[in-house]
Amino acid sequence: MAKFEKANSVEEWLDQRLAINKVKKVMAYEYWIPKDINFLWAMGMILAMTFGVLTISGIFLLMYYKPDVNLAFDSVNYTIMSEVGYGWLWRHMHGVAASLVFLIIYIHMFTGIYYGSYKKGREMIWLSGMLLFVTFSAEAFSGYMLPWGQMSYWAGMVITNLFSAGSLELNGLVEWIRGDYVPGDAFLTRFFMLHVLLLPLVIMGVIGLHFASLRIPHVNNQEGEDFDFDEEAEKYKAGKKKESKVIPFQPVFLSKDVFVMGVFMIFYFYLVFYHYQFALDPVNFDPADGLKTPAHIYPEWYFLWSYEILRPFSKDIGLVAFGFAQVAFFLLPFLDKSPNTKPAHKRGKAFVAWFWIMIVDMIVLTVMGKVPPVSPFNEIGLVAALVFIGLFVALPIITKKEKAV
Amino acid sequence: MNEERRDFLGKALGGVAGIGGIAALYAAKRSWDPLPSVKAAGFTTIDLSAAEENVLHVDKWRGKPIFVLKKSADMEPNDRDIVIGEDRFHVSIGLCTHLGCIPAYLPGEEKFKCACHGGEFDTSGQQTFGPPPSPLVVPPFKIDGTKVVLGEAGPEYEQMKSAGITA
Ligand code: HEM
Ligand code: FES
Numbered sequence: 001m002a003k004f005e006k007a008n009s010v011e012e013w014l015d016q017r018l019a020i021n022k023v024k025k026v027m028a029y030e031y032w033i034p035k036d037i038n039f040l041w042a043m044g045m046i047l048a049m050t051f052g053v054l055t056i057s058g059i060f061l062l063m064y065y066k067p068d069v070n071l072a073f074d075s076v077n078y079t080i081m082s083e084v085g086y087g088w089l090w091r092h093m094h095g096v097a098a099s100l101v102f103l104i105i106y107i108h109m110f111t112g113i114y115y116g117s118y119k120k121g122r123e124m125i126w127l128s129g130m131l132l133f134v135t136f137s138a139e140a141f142s143g144y145m146l147p148w149g150q151m152s153y154w155a156g157m158v159i160t161n162l163f164s165a166g167s168l169e170l171n172g173l174v175e176w177i178r179g180d181y182v183p184g185d186a187f188l189t190r191f192f193m194l195h196v197l198l199l200p201l202v203i204m205g206v207i208g209l210h211f212a213s214l215r216i217p218h219v220n221n222q223e224g225e226d227f228d229f230d231e232e233a234e235k236y237k238a239g240k241k242k243e244s245k246v247i248p249f250q251p252v253f254l255s256k257d258v259f260v261m262g263v264f265m266i267f268y269f270y271l272v273f274y275h276y277q278f279a280l281d282p283v284n285f286d287p288a289d290g291l292k293t294p295a296h297i298y299p300e301w302y303f304l305w306s307y308e309i310l311r312p313f314s315k316d317i318g319l320v321a322f323g324f325a326q327v328a329f330f331l332l333p334f335l336d337k338s339p340n341t342k343p344a345h346k347r348g349k350a351f352v353a354w355f356w357i358m359i360v361d362m363i364v365l366t367v368m369g370k371v372p373p374v375s376p377f378n379e380i381g382l383v384a385a386l387v388f389i390g391l392f393v394a395l396p397i398i399t400k401k402e403k404a405v
Numbered sequence: 001m002n003e004e005r006r007d008f009l010g011k012a013l014g015g016v017a018g019i020g021g022i023a024a025l026y027a028a029k030r031s032w033d034p035l036p037s038v039k040a041a042g043f044t045t046i047d048l049s050a051a052e053e054n055v056l057h058v059d060k061w062r063g064k065p066i067f068v069l070k071k072s073a074d075m076e077p078n079d080r081d082i083v084i085g086e087d088r089f090h091v092s093i094g095l096c097t098h099l100g101c102i103p104a105y106l107p108g109e110e111k112f113k114c115a116c117h118g119g120e121f122d123t124s125g126q127q128t129f130g131p132p133p134s135p136l137v138v139p140p141f142k143i144d145g146t147k148v149v150l151g152e153a154g155p156e157y158e159q160m161k162s163a164g165i166t167a
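In order, the protein sequences belong to chains A and B.
Quick note: the first sequence, position 57, residue 57 per the numbering used here, numbers continuous.
Quick note: the second sequence, position 97, residue 97 per the numbering used here, numbers continuous.
Hint data in this document are derived by calculation from the structure and do not stem from the laboratory.
We put the CB at the ideal spot given by N, CA and C, even for glycine.
Don't take each hint at face value.
[Stated by the list, open to error] Calculated cross-link-like contacts (lysine-lysine; reagent style DSSO-like; alpha-carbon spacing at most 30 angstroms):
hint, chain 1, residue 1, chain 2, residue 2
1, B, Lys142, A, Lys292
2, A, Lys370, B, Lys142
3, B, Lys64, A, Lys292
4, B, Lys60, A, Lys66
5, A, Lys25, A, Lys349
6, B, Lys64, A, Lys370
7, A, Lys245, A, Lys370
[Unchecked claim] Taking CB as the label site, the calculated pair distances span:
hint, chain 1, residue 1, chain 2, residue 2, range
8, A, Ala212, B, Ala28, 24 to 32 angstroms
9, B, Ser31, A, Thr79, 44 to 52 angstroms
10, A, Ala212, B, Arg5, 49 to 57 angstroms
11, B, Ala28, A, Asp36, 32 to 40 angstroms
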């Protein structure tokens, strides 16, 4: 057995038994972050915090929510919203956070793309990040079912039908996923299980993987500069803080991160108190009715771009295009053949153009996904969907031609 | 330590755990199956004699909407119609064959239009525009006088099915 001496403080007592000083060092005080980064690098911690906010507000909602097709709608729209003290606050916090988390995910992703943070050893960061995107999407979708309003029911109907895989007519699979011929009680309870237990567990695990994958390649920086972290850390520890290219995660990096998180939280609570409506679809305030489709079905804003890739095509081609859109970003580290791990503006005009066309195209798809399916929106949507696919086909070609800088 | 024995123990453990894992997956799969009470969801009887021409009547069978449309003389007859005496009826599951929204009936234009992605069907339920890949599905039916029983396959339904004109 290890030798234990009498401890002189609680900290020492814990340190003897749990090595907390070593843990603190490895996880924070000697976890080195590059100096040359900007506020966009705070998005990751904002996401981690927003996940925390979702978990806490969700726990409060869970105390009065009833996962039953006859009770769900009223338990949310009547009990939680008007009976439970401050129930409305948890609901608005949960809804607004669920919407904003996607805005921040998109900013976080495009920051990674702009600075080439998915390349040369950082592939696992990117892949685990994409896994987070997929699990967050599933989490958002399953949560959307719970109030059992018209949009819940019909989004559930349309999205589960995607699994029939078009002409393959896998109706048995669709009925298996639903546990019924149409979304019903079995469907609601199993999506409730996914939303409050299984998917959050998976998300926590993948966040752990995402953080672990940052350890070895380290966080990228604004210039894509490749330097020796151990050497720079030694400089910092030797007191040459100005000269060193790194800072410790705690207390130096976090103090700046926490500032950006604070600004975000002010914006967030402003939305929660004054502009929560954007996160709650009015159509979902009608109870689910299997005999009446709402006049116009569309998903939440963050799914519109991929939904629009499904819409302008015939059923089978639409499904293939949609499937492609879901996985396309996973392929990024393998489609980018350039030797450079540099910010886009240093990689040459072709990649800069690719980057901005992608952003504009995704915004166009998002807008077209929201408007009714009529001319000329159908045609604009079709072109934008083809451009999206075309960009992924073009990427290996333009990056291969890129000169090393 | 005998390494052969350790290898053997490892393989035995792997084998037993593998079988257990597969059994657990099967149990998990079965737990997600629709319940027998859901599957047994019975039959719906619709009296067609009450229907009016060019007015869509919507009924419900297994939680799904059922379209009943009595055709007027100007609407083209089709092999998918249910014929009772002189009258022709279009009866189908009212879910778009694209992704399952309920199309609306526009009596003026004599067509169904799906608001979700713009699909259209004629009065025989055949797709005429947009992403739907196939006609509206005719549910299993049996004619009983002026009534149809949904969920039971009568000879007229079997005939449609073998002619391949309904899924
Ligand atoms: C939704 C939950 C997510 C959380 C909690 C999260 C968290 C973090 C954190 C804390 C960092 C380090 C700080 C920073 O660079 O911002 C980071 C880095 C990174 N994340 Fe995420 N992330 C999430 C989703 C994603 C997604 C969807 C992607 C894209 C596929 C992604 C890709 C990356 C990349 C490439 C980096 C490295 C940035 C660099 O080295 O400069 N993450 N993430
Ligand atoms: S569900 Fe009817 S057109 Fe897509």
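**OP:** Given the hint that Lys370 (chain A) pairs with Lys142 (chain B), test it: the Cα-Cα distance must not exceed 30 angstroms.
**Re:** 42 angstroms, violated
**OP:** Would you check the hint for Lys142 (chain B) and Lys292 (chain A), treating anything up to 30 angstroms between C-alpha atoms as holding?
**Re:** 26 angstroms, holds
Subject >> Satisfaction of hint between Lys292 (chain A) and Lys64 (chain B), Cα-Cα up to 30 angstroms >> reply: 10 angstroms, holds
Original post:
If you draw a straight line from the CA of Lys25 (chain A) to the CA of Lys349 (chain A), is it 30 angstroms or shorter?
Top reply: The given pair, whose Cα atoms are some 43 angstroms apart, is violated under the 30 angstroms limit.
Original post:
Taking the beta carbons of Ala28 (chain B) and Asp36 (chain A), is their distance inside 32 to 40 angstroms?
Top reply: Once the Cβ atoms are compared, 49 angstroms apart, the range 32 to 40 angstroms for Asp36 (chain A) and Ala28 (chain B) is violated.
Subject >> Pair hint Lys64 (chain B) and Lys370 (chain A), alpha-carbon separation not exceeding 30 angstroms >> reply: Cα-Cα ~27 angstroms, so holds.
**OP:** With a cut-off of 30 angstroms on the C-alpha distance, tell me whether Lys60 (chain B) and Lys66 (chain A) pass.
**Re:** The given pair, whose Cα atoms are some 26 angstroms apart, holds under the 30 angstroms limit.
Original post:
Within 30 angstroms, alpha carbon to alpha carbon, are Lys245 (chain A) and Lys370 (chain A)?
Top reply: 46 angstroms, violated
Original post:
If you check the beta carbons of Ser31 (chain B) and Thr79 (chain A), does the distance land in 44 to 52 angstroms?
Top reply: At 30 angstroms between Cβs, range violated.
Original post:
Falls inside 49 to 57 angstroms, the C-beta gap from Ala212 (chain A) to Arg5 (chain B)?
Top reply: Given about 35 angstroms between the Cβ atoms, the range is violated.
**OP:** Mind checking the hinted window 24 to 32 angstroms against the Cβ distance between Ala212 (chain A) and Ala28 (chain B)?
**Re:** 28 angstroms, holds
The structure is inconsistent with the numbered hints 2, 5, 7, 9, 10, 11, although it conforms to all the rest.
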